[in-house]
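Engineer: With the hints as constraints, model all of the structure from the sequences given.
Using UniProt numbering, read the sequence shown as starting at 1 and increasing by one per residue.
No lab work stands behind these hints: they were computed from the structure.
Distance ranges between label pairs, derived from CB positions:
{"id": "1", "residue 1": "Ala716", "residue 2": "Pro821", "range": "38 to 44 Å"}
{"id": "2", "residue 1": "His504", "residue 2": "Pro905", "range": "49 to 55 Å"}
{"id": "3", "residue 1": "Arg871", "residue 2": "Ile596", "range": "56 to 62 Å"}
The beta carbon of each residue, even a glycine, is placed where N, CA and C say it ideally should be.
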Amino acid sequence: MTEANLLLLLILLPFMGSVLAAMLPGNARNAEAWLSGGLTIVAFAITTSLFPSVANGGVVRRQVEWLPEFGLNFTLRMDGFGWMFSMLITGIGFLVVLYARYYMSPKDPVPRFFSFFLAFMGAMQGMVISGNLIVMAIFWELTSIFSFLLIGYWHHNAAARDGARMALTITGIGGLCLLVGLIIIGHIVGSYELDDVLASGNLIREHELYTPALLLILMGALTKSAQFPFHFWLPNAMAAPTPVSAYLHSATMVKAGVFLMARLWPVLSGTDEWFFILGFAGMSTLLIGAFFAIFQQDLKGLLAYSTISHLGLITTLLSLGSPLAAVAAIFHMMNHATFKASLFMAAGIIDHEAGTRDMRRLSGLITFMPITATLAMVASAAMAGVPLLNGFLSKEMFFAETLEQHHGSMLDGLTPYVATIAGAFAVTYSVRFIHTVFFGPKPTDLPRVPHEPPHWMRVPIEVLVLICLIVGIVPGITVGPYLHAAVVAVLGDRTPDYSLSVWHGFNMPLIMSLLAFAGGIFLYLALRRYLATCEDGTPFLRNLKGQRIFERILVTISWRWARWMETAFGTRRLQPQLRLVLFLALVAGAWPVLRIGFVPETPTLGGIDPIFAAIWAVGGICALGAAYKAKYHRLAALVLMGGAGIVTCITFVWFSAPDLALTQLLVEIVTTVLILLGLRWLPKRLEQVDNATTSIARMRRHRDFALAVACGGGMAFVSYVMMTTPWPESISEFFLLKAYPEGGGTNVVNVILVDFRGFDTFGEIVVLGIVALTVFALLRRFRPAAESIGVPEQQRIQDAYDDDRSDREVGETVRDYLTIPSVIMQWLFPVTILLAAYLFLRGHDLPGGGFAAGITMAIGFLLQYLAGGTRWVEDRLRILPVRWIGFGLLMAAFTGIGSWLFGFPFLTSYFQYTEVPFIGKVPTATALLFDLGVFSLVVGATVLILIAIAHQSIRSHRARAIEATKAEELEEEFV
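Structural biologist: Following this line, the structure appears as structure tokens:
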């Protein structure tokens, strides 16, 4: 396989593993871990194999045409910087998978965890190797979505739900700003390709739109990397499982922001705006994060704020605009990933084995878990910047850069002082972590007796701590070539000379380190007693919390502004909502017509077939009758609507469109039955009680009638103009000529749907699946009106007749009025399946296709529910409509993605004639697989809505049974 295809495989492997993990049974704990670990180690091996191609400024590319006329291509681009992050994502990802195998409880829904985890890994991989700005923005948003699912994994926990919601809100808003900023950059450059953007630094910086683009892009980056003032969401994400925290804080999620800033550093840095915005945000975050970390009582809370501080350090380095500072920032990204992942895993082991993360209850654990304690102490020392550990090297480079003058402003002059103070704070919280948890008296009130974890649970920490040691001792040999590849990829010709030596002599950066060590230790000794008993949080501004401010903003928006808008414009009644939608549709349709000034030809009555006119007259009468009867008799209105639908089907047949007629007929059947079932649960209409109310209702009806006439007349007018205007070219000729030579089918309608406009169809089935899931969710919470729970009047009349007949004839209840229809409907089930298969297989050449076949299959299930009832069917037939929907979406998506493997745009189809024994040549096309996805999704969506309605019958039976039981108990008590 070529290197370019390996890039595509790097993204596909995690997403494919995510799907497979979701399909595993809930108790397949080892299978899920083996699957996730195997795919991750394969991705790691692929990434490793690509290093020779990116080592000296090389770039591996894979471009697939998507929408080339709009400058949008699915471009993958790996250089040394992307390779470095890909190594972190896959390498630390594998270690986290191994760790999670022992951390996660068998009682947890582990398949869901690994499914979300692998999907998140795929999104991060896509983001760091994207070669197109829009593709990068898409993967950026996917990381926000999957991190939301991971943080809220324990959704029964209110803290997890709140933390996930906060993370998604903050990073989602930032992601939208980022998208707009990247679009502006693409507009300035004239291309969204990353190569073109990186070569246009002067053009971007000198453009008048540079400042708004910079602000929007930094909004996305700062929110993602939890920089001030958006830092507060990250500590609240600690409700996630510890493997998630270790992964998000080290190699992925929060690193995305600093990755983006470093990736765009060559084209956005070097201006006053860049320096002051990033400098202020970075130094504020560096200082605030380190200070807050000191006073946290939760181990993960301490590590979370330390992550914020270290991200602020990286942001500060990137703000300086110096190539050496950029080198230090990239180096610290690598170092921070190793020691922070190991520290989070160590905190998880402590929580897992001791039963708590509260440092006020932890002490003396080195006696119970000496190996884990040693590993955690080495990682903490690396975080504090102790010599001969990797954190010391990048911290020294940071101190050295803060001493240089980059801008000559007061902010620049404050940088070394802020760096030293933050370094002292880092020593304080690192020493506190070591001394409080592992030394001192033995703990007495822990939930569990602490002990060493299983060996393989500790192996990931051992590997990461070993990396911290060897990088700190011999950095030039171990990490030098890889750091150089990453630096050259970012800086290019501006790459400076730099040294990774451990000893640079007794200089000012070393003095700053010594001051930080001494000040940090002194500060810990001074605060030791206070920290042992204080509440969680800082001693100053205790009530000023970002979470509280965030929640108050949400409350203000949702309870004040939204309530005001709901009161002013909203209503719970359906008619006003439909009236507003129709009015807006009328304005939107009339505006272009009036602006262009269509002048239609004068209509004539010549050439109209009287039979066709009579059919349309019947359809019009049915439509008007349905509108009139809807106020008084819903069933009659539904029947009349069906009559209008049948006339539409006849119209399609009349104009030689059998495919449309077949689809319309099948949709009419399904929607009529589903609406009929839904009518069962609607409350009765309230009668008008006085003349004033009747008069108002009459005025509303006249208004609605006028609006309906305007919309209907407008559609008729537009249709007439479109059909009578002599257009210079007709798009239909293109499809008629190209359908068979390029699509391999003679059914032009189906070829358009699954080939020429396959992307539109894919979007439509996605919407259909979302609608079905939404309807199901709403109907699960729906409770019918009290008067609708009882047995319908028609059934009561039939039951009374059957009871009377039984008394007169055999003395038994005989309810056989549905016996023959139900038997017929059950016998028709295999016939319906066969018909659905027939329509599906012939759809590419004759009327049919996936949509028509799916509706037909759904009708078969519908008949079974009508014949046997909900319980009878579900006791005998396991349908699982959600899986049908999922399979359909995946089949359609993978059919489109498959074309990428051969270098063609998304959803490009291929067809040929295949020789089948005893049959001959049979046309085969990849569009058939896409149509299979459409078929599966239509079946799942329709049956899901049917099940949601059918389960209302079960609830009503339960309600009636409860009422009957209560009535019997009252009667017995009275007797």
